[in-house]
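In terms of my numbering, the sequence shown opens at residue 1 and continues consecutively.
Hints were generated in silico from the structure; no laboratory data involved.
You may find that some hints are simply not true.
[Unchecked claim] Straight line, CA to CA, 25 Å or less: simulated SDA-like cross-link-like pairs of lysine to any residue:
hint: 1; residue 1: K24; residue 2: V89
hint: 2; residue 1: K24; residue 2: L52
hint: 3; residue 1: K24; residue 2: V5
hint: 4; residue 1: K24; residue 2: L11
hint: 5; residue 1: K24; residue 2: V44
hint: 6; residue 1: K24; residue 2: A12
Small disclaimer: the values here were computed from a predicted structure and weren't measured.
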Amino acid sequence: MVLEVALIDVLAGREEEFAAAYRKGHELLVTTPGCRSVRMTRGVESASRFVLLVEWDSVDAHLDNFRATDRFTQWRALLGPFFDGAPTVEHFVDVPA
């Protein structure tokens, strides 16, 4: 399992519109083959900062099944207009205890 972490800064004053766009686009992401779970969080101290957490079967599942498809194009069209700069996206794996 791989965790995608996307740090998203949203244009000030557009946070509720962004959240509504996320609700519309959620289905595009969560139904992607290889997607295990999706969660969006919002900053407490920085209300215009959001963090998207997506669990994927692998990095390839994210890149091949989502980023390289029309799903991503539709997702970006919904959410992109609210971005205040490009999101920072990284993948992580669990550290064994």
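Violations among the numbered hints: Of the numbered hints, all hold.
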